[in-house]
Amino acid sequence: MVIAIGLVMGLAGFALDGVGEPVGAAIRRREPELRLEPAMNTGPGILLALLGGFRGPVADALWLRLYSSWERQDIAGTRALVRLVTSVDPRPAYFWINGARMLAYDVAAWRMAGGSASLREDARRQIRHEQAGEALAYLDAARPIHDDSAAVWMERANIALNQLRDFEAAAHHYRRAWEAPGGPYHAARLHARALRLAGRPREALAWLVQLHPGLPCDDDAAAAAAVLDRIRELESELGVPAAEAYRPQEQ
Numbered sequence: 001m002v003i004a005i006g007l008v009m010g011l012a013g014f015a016l017d018g019v020g021e022p023v024g025a026a027i028r029r030r031e032p033e034l035r036l037e038p039a040m041n042t043g044p045g046i047l048l049a050l051l052g053g054f055r056g057p058v059a060d061a062l063w064l065r066l067y068s069s070w071e072r073q074d075i076a077g078t079r080a081l082v083r084l085v086t087s088v089d090p091r092p093a094y095f096w097i098n099g100a101r102m103l104a105y106d107v108a109a110w111r112m113a114g115g116s117a118s119l120r121e122d123a124r125r126q127i128r129h130e131q132a133g134e135a136l137a138y139l140d141a142a143r144p145i146h147d148d149s150a151a152v153w154m155e156r157a158n159i160a161l162n163q164l165r166d167f168e169a170a171a172h173h174y175r176r177a178w179e180a181p182g183g184p185y186h187a188a189r190l191h192a193r194a195l196r197l198a199g200r201p202r203e204a205l206a207w208l209v210q211l212h213p214g215l216p217c218d219d220d221a222a223a224a225a226a227v228l229d230r231i232r233e234l235e236s237e238l239g240v241p242a243a244e245a246y247r248p249q250e251q
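My numbering applies: residue 1 is where the sequence shown begins, and numbers increase by one.
Check before you lean on any hint, since a few could be wrong.
[To be verified] Here are the simulated distance ranges between beta carbons:
| id | residue 1 | residue 2 | range |
| --- | --- | --- | --- |
| 1 | A113 | P181 | 38 to 46 Å |
| 2 | D60 | N162 | 24 to 32 Å |
| 3 | A221 | R101 | 19 to 27 Å |
| 4 | C217 | A123 | 17 to 25 Å |
| 5 | R247 | G133 | 38 to 46 Å |
| 6 | D148 | Q210 | 34 to 42 Å |
| 7 | C217 | G114 | 46 to 54 Å |
| 8 | Y67 | R232 | 15 to 23 Å |
| 9 | R125 | E168 | 13 to 21 Å |
The set of hints was computed from the structure by calculation and includes no laboratory data.
Everything numeric in this text was worked out from a predicted model, so none of it was measured.
A virtual CB, placed ideally from N, CA and C, is assigned to each residue, including glycine.
With the sequences and hints as input, model every part of the structure.
Structure, rendered in structure tokens:
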């Protein structure tokens with residue numbers, strides 16, 4: 001166990017010495033005698049092959065080092081370690097979600113704080129978009145094992161909504177979150193909200209009308225009353241005649 005942690009801490013040092021260079025490439029460059037099968041000749045493949053059953057504890061140790069970099073607002077270290085943690089153990093969605101948040105929000109804030117105090121809004125928007133793109137590309141790498149994770153789809157949606165103001169993408173991601181196993185009720189409501197922001201209020205109304213009958217009235221998380229209120233708001237906004245208004249069935 002100690003050897004395994006030491007090995008990966010050494011790899012973390014490689015990653016921090018040359019940010020952007022894959023860990024596997026650093027190993028091959030510095031240790032040319034190492035030979036692995038082509039299928040394992042990647043950064044994640046090498047790590048998994050060498051660590052075996054120690055992936056979880058080693059990833060936890062790396063996460064603590066990542067947290068230290070995050071506290072220091074170390075952009076290069078945070079970026080490198082976010083990727084190294086999920087290379088060592090890609091299974092916990094927690095690592096992907098919080099790593100994406102660091103890339104999308106924290107690194108963006110640090111970059112803006114490190115610039116001129118008079119940084120123009122267009123420059124700030126460019127940084128936000130760059131970091132959102134980096135975070136979403138990072139989450140793309142999680143899809144082979146987390147494609148059915150409602151929490152990961154929610155994170156994608158939130159980044160698209162809050163950082164990119166890409167309402168179409170947000171609507172798509174919120175729907176995927178709702179359709180995933182255990183998808184939260186609020187994902188369905190946020191799908192409708194994103195449709196409305198995207199200029200598609202009729203689709204938002206149709207979605208909520210379809211959603212409402214299946215919502216349990218005795219579950220606060222389902223927020224059936226709030227959904228009905230939103231239906232009424234959209235009907236008013238769209239000028240839906242009273243005769244055509246949605247009439248919920250008595251439950």
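Going down the list of hints, with the structure as the test:
| no. | hint | in the structure |
| --- | --- | --- |
| 1 | A113 with P181: 38 to 46 Å | holds (39 Å) |
| 2 | D60 with N162: 24 to 32 Å | holds (29 Å) |
| 3 | A221 with R101: 19 to 27 Å | holds (23 Å) |
| 4 | C217 with A123: 17 to 25 Å | violated (49 Å) |
| 5 | R247 with G133: 38 to 46 Å | holds (44 Å) |
| 6 | D148 with Q210: 34 to 42 Å | violated (22 Å) |
| 7 | C217 with G114: 46 to 54 Å | holds (51 Å) |
| 8 | Y67 with R232: 15 to 23 Å | violated (46 Å) |
| 9 | R125 with E168: 13 to 21 Å | holds (18 Å) |
In terms of the numbered hints stated before, the structure departs from hints 4, 6 and 8, listed from lowest to highest.
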